[in-house]
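Going down the list, the sequences are from chains A and B.
Under the numbering used here, the first residue of the first sequence carries the number 1, and numbering increases by one thereafter.
Under the numbering used here, the first residue of the second sequence carries the number 343, and numbering increases by one thereafter.
None of these hints come from the bench; they were simulated from the model.
Heads up, some of the hints might be wrong.
What the hints assert, rightly or not - These stretches of chain B come out as covered by chain A in the derived footprint (C-beta under 8 Å, 3 or more residues):
#: 1; stretch: 473-486
#: 2; stretch: 536-545
To be verified - No more than 25 Å apart at the CA atoms, straight line, and that leaves these computed lysine to any residue pairs for SDA-like:
#: 3; chain 1: B; residue 1: K446; chain 2: A; residue 2: D126
#: 4; chain 1: B; residue 1: K446; chain 2: B; residue 2: H476
#: 5; chain 1: B; residue 1: K446; chain 2: B; residue 2: S377
#: 6; chain 1: B; residue 1: K446; chain 2: A; residue 2: G124
#: 7; chain 1: A; residue 1: K146; chain 2: A; residue 2: L228
#: 8; chain 1: A; residue 1: K146; chain 2: A; residue 2: E135
#: 9; chain 1: A; residue 1: K222; chain 2: B; residue 2: G424
#: 10; chain 1: A; residue 1: K155; chain 2: B; residue 2: S441
#: 11; chain 1: A; residue 1: K146; chain 2: A; residue 2: R192
#: 12; chain 1: B; residue 1: K446; chain 2: A; residue 2: E118
#: 13; chain 1: A; residue 1: K146; chain 2: A; residue 2: V166
#: 14; chain 1: A; residue 1: K155; chain 2: B; residue 2: P439
#: 15; chain 1: A; residue 1: K222; chain 2: B; residue 2: S377
#: 16; chain 1: A; residue 1: K155; chain 2: B; residue 2: D382
#: 17; chain 1: A; residue 1: K146; chain 2: A; residue 2: A128
#: 18; chain 1: A; residue 1: K155; chain 2: A; residue 2: G124
#: 19; chain 1: B; residue 1: K446; chain 2: A; residue 2: L228
#: 20; chain 1: A; residue 1: K155; chain 2: A; residue 2: S213
#: 21; chain 1: A; residue 1: K222; chain 2: B; residue 2: G378
As the list claims (entries may be wrong) - Going by beta-carbon spacing under 10 Å, a handful of chain A positions derived as facing chain B:
#: 22; residue: R76
#: 23; residue: G182
#: 24; residue: S186
#: 25; residue: P205
#: 26; residue: R208
#: 27; residue: A283
By construction, the Cβ of each residue, glycine as well, lies at the ideal position given by its N, Cα and C atoms.
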Amino acid sequence: MTYTFGLDTFGDRNAGADGRPLSHAQTIRNVVEEGVFAEQAGVDFFGIGEHHTDYFPMPAGDVALAAIAARTERIRLGSAVTVLSSDDPVRVFQRYSTLNAVSGGRAEVILGRGSSIESFPLFGYDLADYEELFEEKAALFAELLKGGPVTWDGKTRASLLNQDVVPHTESGPFPAWIGVGGSPQSVVRAARLGFSLMLAIIGGPPARFAAYSELFQRALEKFGRPPLPVGVHSPGHVAATDEQARAEFWPRWRDIIALVADERGFAIPTEESLDRETGPHGALYVGSPETVAQKIATSLRTLGATRFDLKYGMPGLTHEQLLTNIELYGHQVIPRVRELLS
Amino acid sequence: MGELSRLAVLGAGHVGPVIARLAVRAGYPVAIATSGDPEDIALITELVVPGARPRWAADAVTDAGIVVLAIPLHRFLDLDPGLLNGKIVVDAMNYWPASDGVLKPFTGGTSSEIVARRLAGSSVVKALNHIGYHELEDRAQPAGAPDRRATGVAGDDPAAVATIAGLVDRVGYDPVRLANLRAGRVLQPGGPVFGTVLTLPDFERAVRQDARSLT
Numbered sequence: 001m002t003y004t005f006g007l008d009t010f011g012d013r014n015a016g017a018d019g020r021p022l023s024h025a026q027t028i029r030n031v032v033e034e035g036v037f038a039e040q041a042g043v044d045f046f047g048i049g050e051h052h053t054d055y056f057p058m059p060a061g062d063v064a065l066a067a068i069a070a071r072t073e074r075i076r077l078g079s080a081v082t083v084l085s086s087d088d089p090v091r092v093f094q095r096y097s098t099l100n101a102v103s104g105g106r107a108e109v110i111l112g113r114g115s116s117i118e119s120f121p122l123f124g125y126d127l128a129d130y131e132e133l134f135e136e137k138a139a140l141f142a143e144l145l146k147g148g149p150v151t152w153d154g155k156t157r158a159s160l161l162n163q164d165v166v167p168h169t170e171s172g173p174f175p176a177w178i179g180v181g182g183s184p185q186s187v188v189r190a191a192r193l194g195f196s197l198m199l200a201i202i203g204g205p206p207a208r209f210a211a212y213s214e215l216f217q218r219a220l221e222k223f224g225r226p227p228l229p230v231g232v233h234s235p236g237h238v239a240a241t242d243e244q245a246r247a248e249f250w251p252r253w254r255d256i257i258a259l260v261a262d263e264r265g266f267a268i269p270t271e272e273s274l275d276r277e278t279g280p281h282g283a284l285y286v287g288s289p290e291t292v293a294q295k296i297a298t299s300l301r302t303l304g305a306t307r308f309d310l311k312y313g314m315p316g317l318t319h320e321q322l323l324t325n326i327e328l329y330g331h332q333v334i335p336r337v338r339e340l341l342s
Numbered sequence: 343m344g345e346l347s348r349l350a351v352l353g354a355g356h357v358g359p360v361i362a363r364l365a366v367r368a369g370y371p372v373a374i375a376t377s378g379d380p381e382d383i384a385l386i387t388e389l390v391v392p393g394a395r396p397r398w399a400a401d402a403v404t405d406a407g408i409v410v411l412a413i414p415l416h417r418f419l420d421l422d423p424g425l426l427n428g429k430i431v432v433d434a435m436n437y438w439p440a441s442d443g444v445l446k447p448f449t450g451g452t453s454s455e456i457v458a459r460r461l462a463g464s465s466v467v468k469a470l471n472h473i474g475y476h477e478l479e480d481r482a483q484p485a486g487a488p489d490r491r492a493t494g495v496a497g498d499d500p501a502a503v504a505t506i507a508g509l510v511d512r513v514g515y516d517p518v519r520l521a522n523l524r525a526g527r528v529l530q531p532g533g534p535v536f537g538t539v540l541t542l543p544d545f546e547r548a549v550r551q552d553a554r555s556l557t
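Please put together the full structure from these sequences, using the hints given.
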């Protein structure tokens with residue numbers, strides 16, 4: 001079995017040494033450094049999730065990915081996620097096939113809603129149309145990925161008639177995933193359209209997704225498609241010891257969840273909820289390299305998944321803390337998980 | 343006591359399968375339906391809600407005593423109210439503009455009262471809406487468990503409220519009966535218990551502290 005290990009960021013706004021927030025621009029430059037460093041640390045994939053807020057100032061992650069591509073040779077680069085519903089599938093395809101060209105075939109894309117809703121009013125979309133927008137646009141994206149002229153008709157963008165969409169990829173479609181947060185209908189849709197499945201597990205026990213992984217493979221069979229990989233995306237933070245990781249992560253996680261609690265329906269975190277989520281049955285991967293490695297190995301086994309993307313960072317952590325996280329993840333966590341799974 | 347009511351769960355998204363699974367485990371006969379062909383959710387039902395039966399919505403509702411609405415609120419507006427006549431209807435939906443966008447028909451009053459006005463021939467009970475779908479199953483515990491969690495039940499028909507309080511209890515939560523459907527506003531987004539998973543004393547304290555529950 002071949003396993004792949006990635007890191008995802010939302011461009012979480014860094015704090016400086018004095019604890020005050022760094023500028024958006026400096027945070028973005030730091031993300032580029034982190035992506036380059038991730039390759040040096042032996043990480044397989046670096047993903048940037050689209051967000052449009054003061055605390056996640058990262059609406060055009062593909063531009064940052066191109067900068068990372070220019071300074072790296074091996075690491076795969078992609079979105080995590082692209083909010084496809086409020087974007088144009090043709091444009092998304094063009095941006096990532098351009099990234100694929102710049103990087104010599106290292107681009108990927110993860111399509112979804114993420115938990116991000118701010119792009120809908122920003123670009124003039126109605127959240128009530130979410131389902132229809134995603135269904136149509138994902139289907140068009142699947143067509144675009146095949147290469148060759150595209151003919152398409154729908155309600156959510158202009159029709160295409162035998163349209164050649166450039167740039168062409170050099171060696172077939174680049175990897176494309178749909179991120180799913182817990183709706184079995186979304187799992188079946190990913191299978192129907194032929195996307196790989198990225199399970200976004202950000203709260204509660206990961207094991208509850210095991211049925212989704214099986215559902216995905218069975219649905220692929222039903223639609224006459226070959227097996228496709230299942231991945232897991234979850235938040236976490238790695239430091240030298242469990243205590244240090246928790247001390248660094250907790251106040252930032254508490255503050256960001258409290259900030260988005262209203263729009264996301266989250267309860268304000270307590271130390272008890274932190275214990276649950278960082279414990280063996282929770283969704284957060286916070287701790288020493290050994291703690292995090294054990295938990296990742298368990299989740300991949302339980303879920304029949306071959307890809308794990310750690311969403312590292314939280315607004316308010318420093319660039320240096322993030323580099324330490326990346327170094328420990330690449331040099332210690334990944335080899336240890338491979339060892340546990342072999 | 344007699345046999346448990348048949349349940350029709352409408353919705354196979356995030357919430358419907360979780361409620362259906364809990365109900366199957368509690369011993370209820372459960373059908374699950376969407377707006378489309380049951381064949382489309384056969385695989386989902388088999389793997390994610392084993393023990394439930396995928397059916398056409400009209401068939402599932404006709405045979406059910408309790409209908410659980412676990413669909414996006416904007417899709418509720420497309421539902422034929424006549425279909426639900428004479429049924430106890432659990433409103434597990436939320437009007438949550440920050441997450442799902444603004445829906446004009448729901449901008450005044452509590453969402454469940456607006457649902458109830460459209461379903462004049464049904465007994466509407468607001469329940470199972472305020473604990474996140476990712477926690478609802480994980481936090482369920484048998485009656486008598488020392489740190490069992492509580493969940494609110496609000497309605498204007500006492501018999502229907504009693505039935506749903508029984509359902510909530512059997513699936514794993516201490517039911518807290520609120521004064522009426524309007525008082526169910528404490529369970530809505532922005533209310534004191536929305537998104538929380540509290541024990542009975544903490545739940546009652548949170549609701550008491552919220553002046554809106556007194557009106």
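Note to self: Check the structure against each numbered hint from earlier and tell me which ones fail, lowest number first.
What the structure shows: Numbers 4, 9, 17, 19, 20 and 22 - these are the hints that the structure violates, sorted from lowest upward.
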